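Starting from the given sequences, assemble the full structure and let the hints guide the process.
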Amino acid sequence: MPAADAPRRDGVVRLGRLERPALAGVLVREIINFSSYWRSTTFSSTVEPTIYLLAFGFGFGSLVARVQGRDYVEFVGTGTVATAILFSSVFATMFGTFVKREYQRTYDAILAAPVDPEELVTGEVLWVAVRAGVYGCAPLLVALAFGLDPSWGMLTIPLIGFAAGFGWAAFGVLISATLRSIDNFSYVTSTVITPVFLVAGTYFPLDGLPAWAQVAGRFNPLYHCVQLVRHAAFGWEGWVDLGHLGALLCFGAVMWRVAIWRTTLRLVA
Amino acid sequence: MVRRLMIERLRGREGDGVAVRMVGVAKAFGPVQAVDGLDLEVPVGTCVGLLGPNGAGKSTTMKLLTAQALADRGQIEVLGYRLPAQSKSARAGMGVVPQLDNLDATLTVRQNLIVFSYLYRIPRAQRRAAVARALEIANLADRRDARVDTLSGGMRRRLLIARALVHRPRLVLMDEPTVGLDPQVRQEIWALIDALRTEGISILMSTHYIEEAERLADTVTIMSHGRAVASGPPAQLVAAHAGREAIEVYGPPARLAEVEREAALAGVRSRRTGTSVTLLGLDGANGRVPDGERRAANLEDVFVLLTGEEIA
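For the protein sequence lines, the chains are A and F, in the order given. Going left to right, the first sequence walks through residues 1 to 269 as our numbering numbers them. Going left to right, the second sequence walks through residues 1001 to 1312 as our numbering numbers them.
Simulated from the structure, these hints should not be mistaken for lab results. All values reported here derive from a predicted model rather than from experimental measurement. Take these hints with a grain of salt, some might be off.
Said to hold, decoys possible - Part of the chain A face toward chain F, derived, beta carbon under 7 Å:
1) Val28
2) Glu30
3) Ile32
4) Gly61
5) Ala109
6) Ala112
Even for Gly, the Cβ is constructed at its ideal location relative to N, Cα and C.
If you want it as C-alpha cells, here you go:
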C-alpha cells in the first residue's frame, strides 16, 4: 500500500526545496478558493481605481491640463495602474495570510503535507503577483475608454504588474508574519502604504516635491513601477527602464526572502 | 490474516517495524516545558493512544512529529526518516487530523479533497479515484457538492479525517479526534478509526477520553507534564497499576472525608470525584477497607494513581 506521492525507490523518498508539486498544491488551493470569492475581489479591484481615475482625472484635470507634456488624464490613468497593482497585492497578502494563519488555521493543514514554509510563501506570493498583473489592467482599460491612446508597449503591463506585485505581495506577507495583531495593520497602512502610493509620481509628478522627497521617492519601489507603466504606454527609455525593472526585481527578491524568513519563524516554533 | 500480511509488508518498508520513535524528546515554549524527556513508540500497524489531561504535552508531541515544532533535544524518527531534517519525506507518507477544524469552509466537500490530492502529490491519473475513495470513507458521497459551512459538526469531522487519508498514508496522527462531538457522532468516528486500524495503518491518537483510548488503542501511553509515565496495552496497564477492582463510596461530604481517612489508614489510595470517593490499589490494603460499590478498575484509575491528577 504505497503512498501515492513522488516516485520511490526501495521505499525511500528524498524531497528537496522549492519543489514544483508543492508550489502547485499551494497554487491549486488558492485558485480553487478564488473561484468562490473572485466576484467581490474583481469588483473592488475594478471599481476602486475607476473612482480614483474619475475623481483625480476630472477633479485635478480641470485645474491641471498637462503634466510632463501629457494630458493629465493620461498621466493619472497610468498612475492608477500602479496603485491598483499595489493595492491588489499588498492588502491581499497582509490580511489574507494573517487570516489563514491565525483564524482559519489553514497553514497548519498545508504544513502537515509535504510543503515547507518556503514553498507556502512562494506559492502564495506568486499567485497574488499574477492577480496583480491582471488587476493592474483594469484601470488601464478604463483609461483607454477615457481617451488614453493604445500602444503595443501596454501589452507588457501585466508583466510589470507581476514583477511589482510579487514584491508588494511578499512585503504584505512580511508584515503579516511580523505583527502580532491584525489591528496593528493600520500603523503600516498609514505610515508605509499611504506615503508609498502618494509619493511615487502616481497622481502628481515627483519633480514638484522638495529635494529630500524626490530622493526618497527614488527608493520607493512603486515609483519604479509607475515609471515602467508610463514608459510602456508612452515609449520606452532604454537603459533607464532596465534600471527601473532592476529596482523592482531587487525589491521582489529581498522581500521574498525576508517574508520566508519571518513566516518560518512564525509557523515553526 | 489480511491485516497480518499488510503489517508484514509495511514492516519491510519501515525497516525495524516502528512507524514513530521518539527518544528523550524535550521542547519548551519560553518558560513552559511542554514536552520533557518523552519516549514514545508506535509499532507499525498499531494504534497508540496518547492519554493525558489538557496541558500534558499531547498537542506539542503531534506538532513535533510534523516538524511544526522543533525539539530542543532528543531524537525523532517517523516512517524511518529522521526529523526535522527529513520531515518533508515523512510528511508525504502520513496524514494529520488536527484538533481544530481547518477545512476551507467556503469550498465544497469535493473541492477540499481535491486541494489535498494536490498538496499530497497524487498523480493526475489517480486523483479522481483518490477523491472518490475519500468521499466514501467520510460517507459524504451524496454531499460532495455541498459547501463545508453547510455541514454538521460530525460531517465536518469525518471530512477532516478523510482529507488526511486521501493519499493513503501509512501513518495517521489524530489530535483529539472526537473532542466536542456528541456521543452518537463520537461512535461514528470510532468506527472510522477502527476501520483504519483493521487496514493496518499505524495510528497515533491523542485523547483525554478514557473510553476512546480503551476502545481504540492497542497501546496506551499515559502522559503527564510532558513525559510518558506508563505505557502498555490498556488492560495490562490497569492490571499492573490499579488492580482488578475499585470501590466507589457515596455519601454526604462528612462521610466522604471519613472514608478518605479510613482509606489512608488501610494503606489504600483514594480520590474524590464529586459525589463519591474512589478507593484504588486495593491489592495493597493492610487494614479494613471501607465498603462501597465495587467496579472494575479502569485507565482513569491508573492515571490518577500514577500522577495524582484527574484526566478530564
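Verification of the supplied hints:
The interface hint given for Val28/A is met, as the beta carbon of that residue sits about 4 Å from the closest beta carbon of chain F, less than 7 Å. Taken as an interface hint, Glu30/A does not check out: its beta carbon lies about 9 Å from the nearest beta carbon of chain F, beyond 7 Å. Interface restraint check for Ile32/A: the shortest CB-CB distance to chain F comes to about 5 Å, inside 7 Å, so the restraint holds. Interface hint status for Gly61/A: violated, as the beta-carbon distance to the closest one in chain F is roughly 41 Å, over 7 Å.
The criterion of a C-beta within 7 Å of any C-beta in chain F is met by Ala109/A, whose closest approach is roughly 5 Å, and the hint holds. With a least beta-carbon distance of about 4 Å to chain F, the hint placing Ala112/A at the interface is held under the 7 Å criterion.
Violated hints, in rising order: 2, 4; the structure is consistent with all others.
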